[in-house]
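J.: Construct all of the structure, not just a fragment, from the sequences and the given hints.
Protein sequences appear in the order of chains C and G. Counting along the first sequence from 1, when you hit position 206 you're at 206 in this note's numbering, and nothing is skipped either side. For this note's numbering, add 496 to where a residue sits in the second sequence, where the first one is 1.
These are calculated hints, taken from the structure and not from any lab test. Note that CB positions come from ideal geometry on N, CA and C, so glycine has one too. Treat the hints with care, since some could be wrong.
Taking CB as the label site, the calculated pair distances span [said to hold, decoys possible]:
(1) G/P584 <-> C/F81: 36 to 44 Å
(2) C/G101 <-> G/F706: 19 to 27 Å
(3) G/F706 <-> C/V71: 23 to 31 Å
(4) C/S375 <-> G/V544: 53 to 61 Å
(5) C/E343 <-> G/A583: 21 to 29 Å
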Amino acid sequence: MLKSIWHTLGDIRLAVILLLTASATLLAGSFHAEDHFSLFMALNHMRIQDWLPVQWASRPELVWWIPVLFVIMALLGINTFVCAANRCLRLVGQRRNMARGRFFYLLIPSLVHFLFITIMLGHLASFTMGRWQRIPLAADSPIAVSPDAPDYRVAAIQDEFYPQASALGGRLRQTAVALVGAGGQALQLQYGRPAFIDGRFLLIDKAPQGEKAHKKPMPAGPPPARRPGPASTEAAQGPNAGQPLLVIVSDPGLAVIILGLTLIMALMIGYFLFKPKSAMWIAPVAVLALLVVHPAAAAAAESRPEELAQIEGRIQMLSPDPAFKDDRYGLIVVKEALTSLKEGSGGIGACLVHEQTGEVVCTGRNRQYRPYFRSDLHAEMDLLNRYEDWLRKMGGRTSGADPRDCAHLVLVSSVEPCPMCLTRIINSGIKKLVYVTPDERGGMVSRMDRLPPFWQDRARDCDYRLAVCSPAVRQLAGDLFDFSVRTWDKKKEETK
Amino acid sequence: MFTTGVHAWLHAAMGLYAIAWGLAVFRQRRLGTAALAVGFALQSLYLVGRGWLGGVFVVHPVVEGPFLLPWCLALIAVVRALMVPKAPMGGLLALTVAFCLFCLFYSKGMIPPSPKRESVWATLFFLSESMAHALFYAAAWMAVLSLAGKAPAHACYNWLVWGFSLYTVAQMTGALWCFVGWGNTFSWGSRHLSSAAIWTFFAATLHLQFVPKWKPKSAFLAAAGGLLVLYISYGNYLHEMRHLRVGG
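T.: Rendered as structure tokens:
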């Protein structure tokens, strides 16, 4: 029962429905905010629990969408958490079968989803705990930032205008406000350039209704004196339109939001950098520069011959690393995979190795599409077909009593075997299997616990695991496999 | 040099885009790419020139949505033509021409910028937002082609991914601009709410890819998303036509 609820909460269909509902609610809200600008702008400087009950009591027809939005976002947060947690748990379960780098790479989308929840919580903190104090600025007026911080005094307010000779002549370009603390410390504020004091941000804003007060150019010379007097008195009177205001912001959600946004950006960049298989590396550069070139992923998918030539070049440059005991065979199966790709089939290769002598007994590769379509000819199937045919020609196994007597053989595959191949390997009697790269989507070795009991029983004394290969060989095996998967996906789309 | 006369460059750029479109239709790829590249260069100059419309350089008119969007589409088309020479270009160029045509009838002057609009975060926001919009329009176009059976079923997916990534960047830069300007990372104003509506809509469209039974519907949503972006952004642009402008 609980499991069923958990899975329903994390269902991706629920995410789609909630996102679409949130979109519709936000759109409805934008119409209301457009028609009742002042009403909703007040919420920007008030805590939601102070604003909503009052407005709800007087005009529920205008504000109904805000509580609805909060409920939807809460459900979306729960859905996102459960969905991302499920994925993380699944990945952790498969951790031992994959390289550390790949594990973290696959973890990134889930982390981004967790950060999304964090940012939403940050916004919730801002809406419910934020404080915004707006004080009209006047020369020589005192400013109390917080009870704990010393008072500041407005030393000068200097307006800068566009040159008279230009079409913008006389219009306000910038305002510089100089604050001086009791201890003599100086602060300078400008529009769009806040200062941070004692856990609060200080920024300058303008009283609503445009810039009427600034339309006339100020005379040259020292900054004009503004109405003196304590800030509190002016606040009570209300600022004039266009008059600069000091906004003191205490927002506990801000740090969470900024940290979340920064981490999301870093993870997005890392996600693309971790995947140097295609022109996707352009992504971080594009994101950082914010000058995005056309979808490089699509371009990469279409520049296949170049990519294949590049992979071939990398294989030719590579020699087995003796520090990794399976590297030699990893490179053999990678070369088989490349041959298969060049023939027009999938980028997967396999070989059988005599465990004691280290001799490569037989090689195979994916032959699904060439010379003609054979749905069964995955690399492991091709390898075992060839080996068993060869065995028949040689007069059968050394032990006539047991046709599955091949405990001395190790099957090496470039990719984690699929369910079909895995059961064939178990059935063939092969007790040792290593694969160079895991296949999160289609691999079965990491899901052996989901095999039918018969096959689980047959595989009980088998040793099937990830090969001990250098990162370069593993990367190549993954690249070749991904290349064929993308080609296949593209063909499928074109056929449709 | 960068005076109101610079508007002629926009007309020339649009003419060249239209020629590039015609050449693409008649499969004259090299000539089409050349016309596109020259048009793009002229429009780039035009955008820089917009910065001087007031007689003193300000950034905001350069990144003003209605004028930046066709430039973004043209940039995408140029990069695509260079990286994938055999890719069909007709759709992208048709979109570029259509949005350029809107510019011809739009108020060409600049809205006098408020000091807050000159923030670097504002510039980054407008750049990333316009580029994301361009990618959403391209995705919607591909989705329409898919629905008409003239393109693969999920041809819009890559465009959507890139558009969404950039729109997320726009949300981030927009939040920072909003904070340094007004003291809030989220504003309860129409602009911010509609922007969030677009983000959630495309988030839903992308998540649809992971539901096998619903996946075929993603082309409908991508096309609808294009219309949503068009309605919201061009609704704002038309509203801004009423603003006081100088230098046009």
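J.: Take the C-beta atom of C/E343 and the C-beta atom of G/A583, compute their distance, and say whether it sits inside 21 to 29 Å.
T.: For C/E343 and G/A583 the Cβ distance comes to about 27 Å; the hint holds.
J.: Using the beta carbons of G/F706 and C/V71, state whether their distance is inside 23 to 31 Å or not.
T.: Holds - the Cβ-Cβ distance for G/F706 and C/V71, about 24 Å, lies within 23 to 31 Å.
J.: Take a look at whether the Cβ-Cβ distance between G/P584 and C/F81 falls inside 36 to 44 Å.
T.: Between G/P584 and C/F81, where Cβ atoms are some 42 Å apart, the hint holds.
J.: Can the suggested window of 53 to 61 Å be confirmed for the beta-carbon pair C/S375 and G/V544?
T.: holds, 58 Å
J.: May I ask you to test the hint 19 to 27 Å on the CB atoms belonging to C/G101 and G/F706?
T.: Holds: the Cβ-Cβ distance is about 24 Å, inside 19 to 27 Å.
Checked against the numbered hints above, the structure violates none of them.
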